[in-house]
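Q: Residue numbers (the working numbering), protein chains in the order written: chain P, 1 to 494; chain S, 1 to 535; chain V, 1 to 162.
To be clear, the hints were calculated from the coordinates, so they are not data collected in a lab.
C-beta: ideal position from N, C-alpha, C; glycine also.
Take the hints with a grain of salt, since some may be wrong.
[Said to hold, decoys possible] Partial pick of chain P residues on the chain V-facing surface, computed with a CB cut under 10 Å:
| no. | residue |
| --- | --- |
| 1 | V206 |
| 2 | A362 |
| 3 | A366 |
| 4 | L369 |
| 5 | N404 |
| 6 | K411 |
| 7 | Q412 |
| 8 | T419 |
| 9 | L453 |
| 10 | D462 |
| 11 | G471 |
| 12 | F480 |
[Claimed, not checked] Calculated lysine to aspartate or glutamate pairs in the EDC-like style (CA-CA distance at most 16 Å, straight line):
| no. | chain 1 | residue 1 | chain 2 | residue 2 |
| --- | --- | --- | --- | --- |
| 13 | P | K120 | P | E203 |
| 14 | S | K62 | V | E13 |
| 15 | S | K62 | V | E15 |
| 16 | S | K338 | P | E203 |
| 17 | S | K270 | P | E484 |
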Amino acid sequence: MNTPAFSKVLIANRGEIACRVIRTLDAMGIASVAIHHPVEAAARHARMAGEAVVIHGDTPVAAHLDGAQIIAAARATGAEAIHPGYGFLSENAGFARAVIEAGLTFIGPDHATIALMGDKISARTFAAAHGVPVAPSVLQTADLADFTARAGKIGFPLLIKAAAGGGGKGMIIVRHADELQAAANRAASEALRYFGDGRIYAETYVEAPRHIEVQVLGDGEGGVIHLHERECSVQRRFQKIIEEAPAPNLPPALREEICTAALRIAMAARYRNAGTVEFILGADGRFFFLEMNTRLQVEHPVTEMITGIDLVRAQIEIAAGAALPAALPAPRISGHAIECRICAEDPARDFLPESGRIGRLAFPTAPWLRFEHGLTEGQAITADFDPMLAKLVTHGPDRETAINRMIEALKQLTLLGVTTNIDYLIRVLDHPAFRAGDLHTGFVSAHGAALALPPPGRQARDHAAILAALGCREFVDLVFATPEPYASMGLWRN
Amino acid sequence: MDRLQSTISVSSEAFRRHDAHNRRLVVELRARQEAARHQRPARDLERLARQKKMPARQRIEKLLDPGTPFLELSTLAANMAYGGDAPSASSIVGIGVVAGREVMIRADDPTVKGGAWYPLTMKKIVRALDIAMENRLPVVHLCDSAGGFLPLQSELFPDKYVGGRIFRNQSLLSKMGVKQLALVFGHCTAGGAYIPGLSDYSVIVRGSGAVFLGGPPLVKAATGEEVTVEELGGAEMHTSVSGTCDWPADNEEHAIALGREIVAQWGRPKKWEAQWQAPEPPLYDPTELYGIIPDDIKTSFDMREVIARIVDGSRFHEYKPNYGTTLVCGFAHIWGFKVGILANNGVLFNDSSIKGAHFIELCNQNNTPLVFLQNITGYMVGREYERRGITKDGAKMIMAQTCSKVPKFTVMCNGSFGAGNYGMCGRAFDGRFLFAWPNSQIGVMGGDQAAKTLAEVKINQIRRNGGDVDPQEIEALISQTRAAYQQQLSAYYSTSELWDDGLLDPVDTRNALGMAISVSLNAPIGEPGYGVFRF
Amino acid sequence: MPFTLLLDGEPCEIEILARQPRLLLAVNGRTYLVEPKAGDGMVRIDGETVAFARAEIGETQFLRIAGRTHVAERAGQGGAGGGGGSGANAVKAPMPGLVIRVHKQAGEAVARGEAVITIESMKLQMALGAPRDGVIATLLAEEGGSFDKDAVLALLVSLEGE
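Same shape as in the complex, but just chain P:
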């Protein structure tokens, strides 16, 4: 497809992903429109785009969630399509529909697909109906006694959580039948407290599971391909921090089985655009459908780096009507890629978000490396947005090279002025278990002690003290502004 699909696209997002999308738009010769709240007027994405429109809201996040305002901005600037990025409105079926109704193109799936996959229950039901394994589960439909009776039949360990909830709130792991009743009672009361809905839900609990996901692309007409899997097991606070592709230590048969399962769901849904099917994989090789993300993923670059496919370009081309052959083989994999999420957070304080100001930003460049960011020096880092500041992605002919390149790049990455997880990521990557590919979603807590910041060596500390002193005006004066003969004479008492 040589003629541009669209003449102008609005990116309904900010930060690194907005910059990432603009880069592909530029390469495709498509004009770009950024949106930004007044507090981020100087942000990189707003300056990178051809045009920038100010959006308003009580909070910056509220502005980015105001679909009507964003659609109005697209129409006012003459944008023909909207790329939603990830987060914000990217999986909002109402927004996707409103974009279409406004006569614009939504660069993403059909709103009905978004709605189908956005609901946990309907998504599971859909997956199960199309022969994709889902973790055995029961939903509370009557009283707790009925629930525990049915849940007990699944077997143990068992995970109990709020039917209405998400994230990690109110989750309880039950290992024996005699704990079930008490756990159910507690989960029910927590569910009521957190979500205003006391109904609970139980499913098979997979011990030390891995998080494996499969990238798919569909044209909405039944043409679907998968772009292999990604390993996203290293997580903290239930969010990924390191992703890689392909997944290490995955037997070829199992890999094939998982990718085929993902493809089956996408085909059944007549999926359009880029999507990701997420699974949990037990140590025993059993895997279960988790959910489908109907958008571009944060970690999409690792797939791009091993396949050579620009997923954003593919998204735009599909949105513009490009078709995929119905049974295209998956692209060939070349080497191994790893992504690290650089976050403003303090690993020593349970990864709590940090604020500050970017005083200095310098990053390495190399053909095997991508630094995806939306940062500018002087920029304030506040709690207004997600603590993820940037992503560093490396590629290598094999996993070990990719890891070593990542460690080297993280060491060279300078992002000063706010506490970040950069040094922590180095310790994770360098951990023998990580290097061995021995991964599961509990990796961070299982290796907590080994990953804790070791106290710096005496010499490293002293070097830092010397450099810090040399950074103080007063100390520099003391060293360099002492006149002769005093400077040469040094400490002397008569």
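Starting from the structure of chain P, add chains S and V where the hints point.
A: Structure of chains S and V alone, referenced to chain P:
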């Protein structure tokens, strides 16, 4: 510039004997200095701790830039006065670097009779401020004094060069634009109150600092008014009501930090351009000075051996090496500063005196500071020399030296007797600094000489009156005179009376001179000009 | 006065032992030969090149050396700025006037500079800030009340545990 060639044998018996002797003298000097600096009655130290005050020397150490030198002056002032009650004359004076600027630091010592000022304290402070004036050297006063030592008020108050002179000098310093900062740690009572009062800048410590003309007891006696120290002259009052002090400080550390910040605001001095080159340590080990200086004042030695252990690279460009050889003259560098050195290698004859006068004129023409290394028994006496005009030739040297406009520095290396002291820039001749080695002696003449001269006079007197000379009586007179002289000739007596700016371990001479020369360059130098030379 | 820093929260004393012919520093008593101008973003310490990046945010320095981030700040001595130093306890009236508003009551904690009382004088309103961190011990002003120049309007005491 050629290097001096040392001809000393460090393994010779004489060298080793001298070395042992002089090391003993230095150990004694260090012990006496240590005592003057730190030996205090326990109750004074306890009181200081109770008041949460730092000892004066600790204040100085904290004020100074880290890793820089401090040249303490006259540490042993008053060491032979007041029964030893006033170590260092209860006041510490020295030169150091604060915020990159060289300053005179003058600190009261509250552990000596509450920092009371003795007559020699006055002399020491006046001398410190004289140095500040002559060298345009800013002054930082660390104030903590109970005021004048009242039992000796007649010696410290009425005369010209005591109490009032301090405040006269302070006023003139300010007029000259030489900055003064007072850090008030303790009380500044009566006259002492004028120290911060006449300083351009002042900081006062909350709770312990106080400034008043009369303390609460005096006020009560004078007017019946009852008032606390804080109300009368505390930090809060003086910085917010009277304006006598400028900044309040929370504690001593804070006051010192403020002081450093204030000094950092001062402009850096524009020194006159002396010839300077990158410094180079002496080629010969300065500790060999211990083996060169003899163990008997009467033993002569070659001053070139001393020069070789003081000047940069042991390089010396000697002037008229074959003429007037008892006065060694020549050019060298000390810590990079070009100097003209005059050093005695024996008694001054007509030719050596004329050579000295001529060399001094050359240095004045070239703006080269002068360094006098004294080891002089005087100008040559006798019919032949008087006939040749030794007096008028000595006068030429004194005239040239006195009228010099370049800075002058003197080191008493051994003997300093008779008019040689004058020609070689003794205390009376306004050298910028004068230091002495612990072995040195000063007097009109040596002890032996004086005893023999007095005995000769006595014998003549007895004979004139027709009496018989009793050899035992004469012997007693000689030993009495020698003993009395010996004490007053000693370097410790000189330094006690502030006839010098302090005793030096000979090894420290190079550093002391280096700092002294550096300091002297702050003051502009005038045009050369002399009185009438008698030809 | 030795130069003191807080490095990663811990006090660190840096002494200058010699400037010439080469810079010799001691950190907590350990000696290092330093060549400060080894290149852009580089110093040489004991002959070994140390690359670093530095950012200053206000009074805080962020340093990144050998893949490790350090945070340093100058251990405070308290300078001449800010008027009274941290020892002053009184909120004083700079001129005669009326109390418009009392922001802090006795017993409340205040930070240095935080408004304690707003006064009006000569048609000007002025917020009087706390001279240092502390707790209001005594409040001597009430809204609508008048006072003379230098009147003490509030007194502070130190925070507990100090």
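Q: The structure should be examined with respect to each hint, and the outcome stated for every one.
A: Outcome of the hint check:
1. V206: violated (35 Å)
2. A362: This interface hint holds because 6 Å falls under the 10 Å limit.
3. A366: violated (16 Å)
4. L369: violated (16 Å)
5. N404: Interface hint status for P/N404: violated (13 Å vs cutoff 10 Å).
6. K411: holds (3 Å)
7. Q412: At 8 Å from the nearest chain V Cβ, P/Q412 passes the 10 Å test, so the hint holds.
8. T419: Where the cut-off is 10 Å and the nearest Cβ of chain V is about 8 Å from P/T419, the hint holds.
9. L453: Hint on P/L453: holds, closest Cβ of chain V at ~9 Å, below 10 Å.
10. D462: Hint holds; P/D462 Cβ to chain V Cβ min 4 Å, cut 10 Å.
11. G471: For P/G471, the interface hint holds, since the closest Cβ of chain V sits about 5 Å away, which is under 10 Å.
12. F480: holds (8 Å)
13. P/K120 <-> P/E203: holds (13 Å)
14. S/K62 <-> V/E13: Distance of about 14 Å is within 16 Å: holds.
15. S/K62 <-> V/E15: It holds: about 12 Å lies between the C-alpha atoms, which stays within 16 Å.
16. S/K338 <-> P/E203: violated (92 Å)
17. S/K270 <-> P/E484: holds (13 Å)
Checked against the numbered hints listed earlier, the structure breaks hints 1, 3, 4, 5, 16; every other hint is satisfied.
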